[in-house]
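Participant: Each chain, letter by letter, is given below.
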Amino acid sequence: KAGVTQTPRYLIKTRGQQVTLSCSPISGHRSVSWYQQTPGQGLQFLFEYFSETQRNKGNFPGRFSGRQFSNSRSEMNVSTLELGDSALYLCASSLVPGMPDTQYFGPGTRLTVL
Amino acid sequence: AQSVTQPDIHITVSEGASLELRCNYSYGATPYLFWYVQSPGQGLQLLLKYFSGDTLVQGIKGFEAEFKRSQSSFNLRKPSVHWSDAAEYFCAVGLTSGTYKYIFGTGTRLKVLA
Chain A
2 KAGVTQTPRY LIKTRGQQVT LSCSPISGHR SVSWYQQTPG QGLQFLFEYF
52 SETQRNKGNF PGRFSGRQFS NSRSEMNVST LELGDSALYL CASSLVPGMP
102 DTQYFGPGTR LTVL
Chain B
109 AQSVTQPDIH ITVSEGASLE LRCNYSYGAT PYLFWYVQSP GQGLQLLLKY
159 FSGDTLVQGI KGFEAEFKRS QSSFNLRKPS VHWSDAAEYF CAVGLTSGTY
209 KYIFGTGTRL KVLA
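Protein chains in written order, with this note's numbering: chain A, 2 to 115; chain B, 109 to 222.
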């Protein structure tokens, strides 16, 4: 069974631009979560999607948004990029949300904002 | 407030030596506990998890962890470290207060000396 895939693996953008990252969960997994990882802040939860609905949201500004499609694939979008948005963005999938379960992570998308 | 603490930011051990990485959590009930490993530029790989039952859990790559309720700890151990174990290790807890969510520790970076 294929793991979680994320595209693209690397992105370079400039301030003010917007970016869309994609995540395909493990087959059969219906919950997708997104995290931002930076050296200073560690892993911070962005949001979680299940059945095309956002179930949980972390403490990030509205510039960060996401969505989930009927096939469970998810995208996250960051608008009006800032230098501080440079980070590794990790996607994780699990079978269903709302119950104890293991999250499986993708390799991440490294975003650099210049 | 719920939190996960990994008190050691960096640890250096010699190849062949034993290893113990510490993890403490703050939560009113027994959480679901996880250890992940992250190699440079990669996503997180699950090493082991504890949901219930035997408090000594075996994982992949020769790692084990012991849950100690009295100390609110879930320390990761390996009897003999290999150079390939050099990576960053994250402890995480799954909490079921309200909606289920993950909280990650800040990570411990392991360096292995040849």
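Quick caveat, the hints were computed from the structure, so don't treat them as lab data.
Keep in mind that a hint or two might mislead.
Straight-line alpha carbon distances no greater than 16 angstroms define the calculated EDC-like cross-link-like pairs of lysine to aspartate or glutamate that follow [claimed, not checked]:
| # | chain 1 | residue 1 | chain 2 | residue 2 |
| --- | --- | --- | --- | --- |
| 1 | B | 169 | B | 116 |
| 2 | B | 157 | A | 83 |
| 3 | A | 14 | A | 83 |
| 4 | B | 209 | A | 83 |
| 5 | B | 219 | B | 193 |
| 6 | B | 169 | B | 193 |
So the derived list for chain B, only partly shown, Cβ under 10 angstroms to chain A, looks like this [unchecked claim]:
| # | residue |
| --- | --- |
| 7 | 109 |
| 8 | 115 |
| 9 | 177 |
| 10 | 178 |
Footprint (simulated), chain B over chain A, 3 or more residues, beta carbon under 8 angstroms [said to hold, decoys possible]:
| # | segment |
| --- | --- |
| 11 | 14–23 |
| 12 | 65–77 |
Quick caveat: nothing in here was measured; it's all calculated off a predicted structure.
Just so it is clear, CB atoms sit at the ideal spot from N, CA and C, and this is done for glycine as well.
Participant: Which numbered hints turn out to be false for this structure?
Facilitator: 1, 2, 4, 7, 8, 9, 10, 11 and 12
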